[in-house]
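Two chains, two frames, a set of hints: combine them into the complex.
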Amino acid sequence: MIGSNERPLTKNIDPSRGALDMDGYERAGGYLGAKKISSGMDSSSMLGMVKDSGLKGRGGAGFPTGLKWSFVPQGPDSEVQKYLVVNADEMEPGTFKDRMLMEGDPHLLIEGMIIAAFAIQASKAFIFLRGEYFESERCLVKAISEARDKGYLGDNIFGSDFSFDIVMHTSAGRYICGEETALLNALEGKRANPRAKPPFPQVSGLWGKPTIVNNVETICNLPGIMANGIEWYQSIGSGGDFGTKIFGLSGRVKNPGCWELPLGVTIREVIEEYGGGMQEGYSLKAFLPGGGSTDFLTPEHLDTELTYDAIGKLGSRLATGTMILLDDKTCPVGMIGNLMKFFSHESCGFCTPCRDGLPWVDSIFEDFERGGGTHKDLAILHDHVEYMGPGKTFCALAPGATAPLGSGLKLFKDEFEAHIKNRACPYKH
Amino acid sequence: MNREVIVSSGKIARELSEAEVKEIEHELTLYPDKKAVGLEALKIVQRHNGWVSDESMLAISKYLDIALSELEGVATFFNLIYRRPVGKNVILFCDSVSCWIMGCEKIRKEINDHLGIDYGETTEDGEYTLIPVPCLGDCDKAPVMLVGEKMHRNLTADSIKSLSSSGKAQNKSGE
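Chains as they are written, first to last, in this note's numbering: chain A, 1 to 429; chain B, 1001 to 1175.
Next comes chain B alone, as it looks inside the complex (with noise of 0.2 Å):
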């Protein structure tokens, strides 16, 4: 088996940067062996490019010897490995039974109209990139969602709003 080249399209790996060795080299001191670093360093290649392309995939099969399918298994099991190119920030958007009681289904509406995207799409600027997540863990002050790293809690309309003109502002301070 080749594991530098996905046959079919042609695709090579990519090289992996010094930054992302280096976090990978880390994780492989934590555990026992390579296979068990695949996921991290998913994540890890995640966090350096946003989501993983077929090259990141082929560089970190290369780079820690675990066939490329035995990768794509496990990347596309976990909601959180992104194999398609996402926003610059991802709203993880609590869909599930106590926010659904306190009404998500109104914020969402809320977030299709001002920011034009529903599940799964990205807003045209590359800003935002919307999808829905299993319990966020925080019922008692639902409606929730994450944005990026930040929770945001007792959604309500104007949360919304204010969402996508600090979107914006980041935009213009080059965040």
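In isolation and in its complexed conformation, chain A is listed as follows (with noise of 0.2 Å):
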């Protein structure tokens, strides 16, 4: 595969070792990317540049980047403010991507940051950092504040006439936070609840302001691709997806982990090669392709390609690219159950199919673990999967519990009609 071997996003991170500080940043080649702004070149073709690269936003949707920035308002009539805000509220179910990218190499975090502000012309920007991740606030303050002291954040950043400046928030710990306007509502102090669309917030957002919201690994994207140029950029993946993603592992495999791998990788290559296969004793059974809100997929999709388009066409979605393994030793009905515990958990409570439906649908799992599930149980759970899907609710959170959910219906249909039967949970004992 042409350009396997590019790791523009993982390729200052070393385990062994803390992350890079300016000094060693700058000295890998860091920050090329982002002084392009005082080399002549101006925001839109900086906006024209990304639009062309073809990076979709790995945050989990998979939309265009360049072209959601464009839906941002510009020129003299246009708000004067306009603000990026980083989702760095890593919390779908699975996925451990973003914290590697942060603890790992802040500063390529902060150099993207600078590049797409100067594209959508924002000249603050908010990380939004969910408030578990301590390790990943220490490193990105400490970055933060190098930049500050070098001149690349602050008033007429590389002598350019663009002037940046981040704001850390820390989170408070919510799901639902992730949602881009639940996550504006929280960052303007209010509860988490989503916002109707439209407004869009690209054009209406914080405090009412036009709002880019994107995803850490999407930021981390840019340096790349500003610093390297569009035909390298395409030079990487295949299946119609460019770049490279970060896919993980997690469950019963040898060697779980997250690594940087061009799009279009095998889901083979990932589980064999890199994750070393299951471990003794344990046979793949079923996973989940890009965290909890993903449709099952199961061993005879081994072979497809890790791509937007590819993943989709079988009825799944490649969302986060971080993978949860079901063995054959693990009961399909438990997993599904603890997945609608969380989203029973972390529903914002707005709306009544999610704010009802998902603990009903929690119930009837606890039922099922005990030994006391059925078959009206099993129909009220089919039920719910029309009830909270798409466009039934005000925001994507149910519609993503559906996706295990309805998925895992009709895959481990024998494995439920077990639970009923037996009056126990056959994977115990």
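Rather than coming from a laboratory, the hints here were simulated on the basis of the structure. Among the hints, a few may not be true.
To be verified - Heads up, simulated DSS-like pairs for lysine-lysine below, C-alpha to C-alpha not over 27 Å straight-line:
1) A:LYS209 x B:LYS1034
2) B:LYS1035 x B:LYS1022
3) B:LYS1035 x A:LYS197
4) A:LYS428 x B:LYS1106
5) B:LYS1150 x A:LYS254
6) B:LYS1109 x A:LYS428
7) B:LYS1034 x A:LYS190
8) A:LYS142 x B:LYS1043
9) B:LYS1109 x A:LYS329
10) A:LYS124 x B:LYS1022
11) B:LYS1035 x A:LYS124
12) A:LYS421 x A:LYS392
13) A:LYS142 x B:LYS1141
14) A:LYS285 x B:LYS1141
None of the values given here were measured: they were computed from a predicted structure.
Dropping the structure here:
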């Protein structure tokens, strides 16, 4: 595969030492991308470059980044204050990629933020970090302070007429804050209920000003694109997607972890070559390809390429790219029940299908676990896949929950039946 | 509306400490309005006091001119704001899917046995409070938990045993 050795997101990450400081990062070629803002490149060409690169958002939805940016009104009549917000509220079950990037190479994120902010002409940015990520906070605060000392943040950065600074915001723990409009409410000091769209944040976001919310990994793609160009970026990846992606594995695999690989690598390569296959005595039964809100896939899909389209065609989503592996010794009903408990707990409580549906579903799974599940319960679970599905709720949280629920009900029909028939979980004893 | 007294209980706002005020004032320079600093103030007060009492709620409400009901709405929305006293060390125990697959229920049982606490409970010596937390984002090292600000990874029965003894040691050194 062409360009398969390029690792623009993780080239500076070495777990045997701490993250590179400003000097180390610059010696490794850092800030060359961001410095383009002082060498005559204007904001619209920078935005155009990101658009043409084909970069898609890495937070889960996979929306083209440059296109999202292009919705921010520009020109003399537009709002002067625009905001950039980095969504670092990593809380999708089974997802641990942004933590690695922030703790492994914080300057890469800051450089990417300078590029994004310049492209959309935002003078201020917030990093919305989850409150439990204390180590990430320490790394980022140190790097931000180094960047300020060096004049890379603040007034007239790199000697240009562009001024930009970053505020570190640590949240207090709610999954719903990953939804971008809920995140904006949280930043404004409100309960993190999602907002109605339209208006979209690009037009009316934080305190009513044009706002772009991007995921950490998305932003980390920008320095490489700026420094090395579109041709280089598009030489990485295959299957219609460009660049690299952090792919991860958790569950009973020999070598769990996450790795930066070109988009288009097959699922089998990740699990067998990087993960070393399943642990002795365990075999792969099914897996969630991109976190807790994706549909189950099975071993027959192992040769599928990890691209947004290819995984989408299977009826699931690439989403965060961090795969959760279900082995043959773990109860699938218990696994789905665990996910439903998570979603139920994290529902913001704003709309009825989610607020009332998820706890109901959760309690049915508890019944199954205790051996009290019935066929009537099973029918209620099926109904909820529809009641909480896309278009029936105010945001994507409950539809996300129906992904493992709906696909799991189909795929593990026998296991659900066995719980009913045996009046117990067949995986215990 | 009287923002200084919770009428039903007769509780009144306490004085915020100098350090608390200084930190809240710093946050006020970063955001365009006072309301946005509400959550920050809750976190600051909690950092200094371990939890957020009614008297602290009243103090923040008064200081930032945020309606008490609105501030309570925010305080009770977020998982990491404690409106009840907690132990010196809060154990945020990951019970999400990857940790569950890797056997976190056994570790939870281990904590039950060795510290004598389950979710929402605090040890008698006030050292530890156990709270479940959604996915801590360290899934390749599951099962994991966060004790105070420190991640504990690849948990085994032994990690829990060492936790309980180091807790006692901390007590002795007066930390």
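Quick rundown of the hints versus the structure:
Only pairs whose Cα atoms come within 27 Å are accepted, and A:LYS209 paired with B:LYS1034 is accepted, the gap being roughly 17 Å. As the CA atoms of B:LYS1035 and B:LYS1022 are separated by approximately 17 Å, the hinted pair is consistent with the 27 Å bound. Between B:LYS1035 and A:LYS197, the direct Cα distance comes to roughly 23 Å. Compliance with the 27 Å bound is thereby established for this hinted pair. About 13 Å separates the Cα atoms of A:LYS428 and B:LYS1106, which keeps this hinted pair within 27 Å; it holds.
Taken as a hint, the B:LYS1150 and A:LYS254 pair is honoured in the structure, with Cα atoms around 26 Å apart against an allowance of 27 Å. Between B:LYS1109 and A:LYS428, the direct Cα distance comes to roughly 16 Å. Compliance with the 27 Å bound is thereby established for this hinted pair. Taking the CA atoms of B:LYS1034 and A:LYS190, the gap is about 11 Å. The hint holds against a cut of 27 Å. Simply put, A:LYS142 and B:LYS1043 have alpha-carbon atoms about 21 Å apart, close enough for the 27 Å limit, and the pair holds.
For the given pair, B:LYS1109 sits about 20 Å from A:LYS329 by alpha-carbon distance, which is consistent with the 27 Å threshold. At most 27 Å may separate the alpha-carbon atoms for a hinted pair to count; A:LYS124 and B:LYS1022 meet this at roughly 23 Å. Pair hint B:LYS1035 plus A:LYS124 holds up; C-alpha atoms about 19 Å apart against a cutoff of 27 Å. Between A:LYS421 and A:LYS392 the CA atoms are separated by roughly 33 Å; this puts the pair beyond 27 Å, and the hint is violated.
For the given pair, A:LYS142 sits about 26 Å from B:LYS1141 by alpha-carbon distance, which is consistent with the 27 Å threshold. Of the pairs offered as hints, the one joining A:LYS285 and B:LYS1141 holds, with about 21 Å between alpha carbons and a cut-off of 27 Å not exceeded.
The structure shown violates just one earlier hint, number 12.
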